[in-house]
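Peer 1: Each chain is listed here by its residues.
2 protein chains.
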Amino acid sequence: MQKQLHPNISVDCVIFGFDFEKLNVLLVERTYLHPETKEVIFSDYTLAGNHVYVDENLVDAAKRVLNNLTGLDNIYLEQFYAPEDPGRLLKKNDQLWLKKEGKNPEERVVSVCYFSLLNCKEVSIQKKDRNVDWHPISEIRNLGFDHDIILAQALKSLQVKLQNEPIGYEMLPLKFTLSQLQKLYEVVFDMEFDKRNFRKKVSKMKYLIQLDEKQKGVSHKPARYYIFSRDVYEKTKSDILNFSV
Amino acid sequence: MQKQLHPNISVDCVIFGFDFEKLNVLLVERTYLHPETKEVIFSDYTLAGNHVYVDENLVDAAKRVLNNLTGLDNIYLEQFYAPEDPGRLLKKNDQLWLKKEGKNPEERVVSVCYFSLLNCKEVSIQKKDRNVDWHPISEIRNLGFDHDIILAQALKSLQVKLQNEPIGYEMLPLKFTLSQLQKLYEVVFDMEFDKRNFRKKVSKMKYLIQLDEKQKGVSHKPARYYIFSRDVYEKTKSDILNFSV
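If you read the sequences in order, they're chains A and B.
Counting in our numbering, the first sequence runs from 32 upward without gaps.
Counting in our numbering, the second sequence runs from 32 upward without gaps.
It should be emphasised that the hints constitute simulated quantities derived from the structure, not laboratory data.
Please note: incorrect hints may appear among the correct ones.
Identical copies carry no separate label here, and so any pair may be met within one copy or between two of them.
As the list claims (entries may be wrong) - Only pairs whose alpha carbons sit at most 25 Å apart, straight line, appear in this in silico SDA-like list of lysine to any residue:
| hint | residue 1 | residue 2 |
| --- | --- | --- |
| 1 | 123 | 204 |
| 2 | 252 | 171 |
| 3 | 123 | 73 |
| 4 | 34 | 98 |
| 5 | 134 | 186 |
| 6 | 268 | 168 |
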C-alpha cells in the first residue's frame, strides 16, 4: 500500500510584459548569503509565486500574487501547467533557500502555473523590499527551482493561445500601430514576419478597427492607430475556425 | 496568518474514444446503496481517476490509471487543467460517496487533469469489478464531483489542440479513409464540414499519405486508405505556423 501524497500547494506566475521592443518576464531576485560570513553563496532569479491558503481558489492565489506585484486586479491570467516531477525542488541551491525561508526542504510542493500578460509601459511594479524587475526573455537562463521548465512551457502555451485567440492586445495600449502589433507577434514567436503579408492578414481581422487618428510627435512618418474590438471579435469568432487535418 | 494548504492530490483522466461514428468518453459507474436497506440512493458516473503517491510523478499517476483500465502503456496523454474551486467535492452525493470510500469528505483534493485519445475499436476495457464503459459525449450530463466542468474543459482543450496539431490520428486505426477522418473532426468540433472543402484542406497536408490500397468487403464504393506520417509532420510543421492577429 503506497502512501498518498499531501503536498504543499503553490501557484507560480509567468508574467509576460511587452515594451514595444522585447518580450520580458517579471523575475524576483534570490540572493543567499552565508549565514555567518554574509558572503554571497549564490544569487539568481525565480518566477513570482506563493502558497495557496486552505480555502483559497487556485486562481485567487495567482491573482493575489499579481496584485501584490502590480497593485492591479483583473489582469489577464491563464492556467497552463502543473509541473509533474516530484524532484522539482531538490537542486542544492533550492534546498539551501527553502531551509533559509523556514520551509521543510523535503516536503513536496505541487505547483499550478499561470501566465499573465501586461504592457510594461502601463504597469508600475511594486518592489517593496524585493528586487523584482522585467528581464528580456532572450536573456533568461538558470532560474531557480524548475522555473526554466515552467517558463518554456508558458512561452509555448502563449504561442499556441496567440495562434487561436487575439490575446496579444492585453500587452498593447488601447491604441496601437500596426508596426507595434507586428513587433509583438515577432517577439512572441521569435521570428520576423514580412510586413506586407502581416498587413494582409491584419486586413482580414474584422475586430481590428482603424481609427481616424495618427501618431503625434514622432520623428518618422506618423502611423495610423488601431484598436481591438472585443465585441466584434466575440461576434465573428465562430467564422475563424481553422484546423490542420 | 492564513493556513497553508496541504491537500490530497489526485489525477483525473478524460479518456476520449472514437468509434467511427461518435466521440465517446470512458466513465466509471458510481452506485451508492443505503448502508442498511441496500436500497439505491443514487447512481451516476464519474471520470476515471486516482490518488497520487508520495514519490510519484503526476503523469505517471495518470499512466497508472490508464494502464489499469486498458492494459496499455504509451497512450496519448495531455495535461490540460487543474480545477480551481476549493468546494469541488462538496455536493451531497459526493460527500456520501467519499465517506463510504473511507475518505475524509472535508479534506480538499487538488486534481491535475489529463485527457487521452483512443480508438474504441482497438482497446478492450478491463472492467474487473467496476462498471466502466464508453458513453457518447452528447449524452453525458450530471457527472459526479466537478467532472462536468473537467469534461467541458477537456473537450475545449482537445479542440484547440486539434486546431494546432494533427493528434486525431491517435483515435484512428493505422490505415483510415478520408470519410473516417472527416467524421472524427465533425464529432470533435460538433459540426458538419463540407466534403469538398475538407478534402481540399487534406490535400495540403503533406503528412497525410495516400496508400495504393482500398477498403475491402464494404457495400459502398471502396474508399482509398491513408496513413499519417509523423516523420513528415515533424519535418514540415514549421511551415504550418498560422495565427490570428
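Peer 1: Give a verdict on every hint.
Peer 2: Going down the list of hints, with the structure as the test:
In this assembly of identical chains, residue 123 and residue 204 lie within 25 Å of each other by CA distance neither inside one copy nor across copies; the values are 42 Å within and 47 Å between. For a Cα distance limit of 25 Å, the shortest separation of residue 252 from residue 171 qualifies neither inside one copy, at 35 Å, nor across copies, at 58 Å. In this assembly of identical chains, residue 123 and residue 73 lie within 25 Å of each other by CA distance solely inside one copy; the values are 11 Å within and 52 Å between copies. Taking the closest pair of Cα atoms, residue 34 and residue 98 come within 25 Å of each other only across two copies (20 Å); inside a single copy the shortest separation is 37 Å, beyond that limit.
Taking identical chains as interchangeable, the C-alpha atoms of residue 134 and residue 186 are never at most 25 Å apart, the minima being 30 Å within one chain and 39 Å between chains. When the C-alpha separation of residue 268 and residue 168 is checked against a cutoff of 25 Å, the pair qualifies only between copies, where the shortest distance is 24 Å, while the shortest distance within a copy is 31 Å.
Of the numbered hints stated above, those contradicted by the structure are hints 1, 2 and 5, listed in ascending order.
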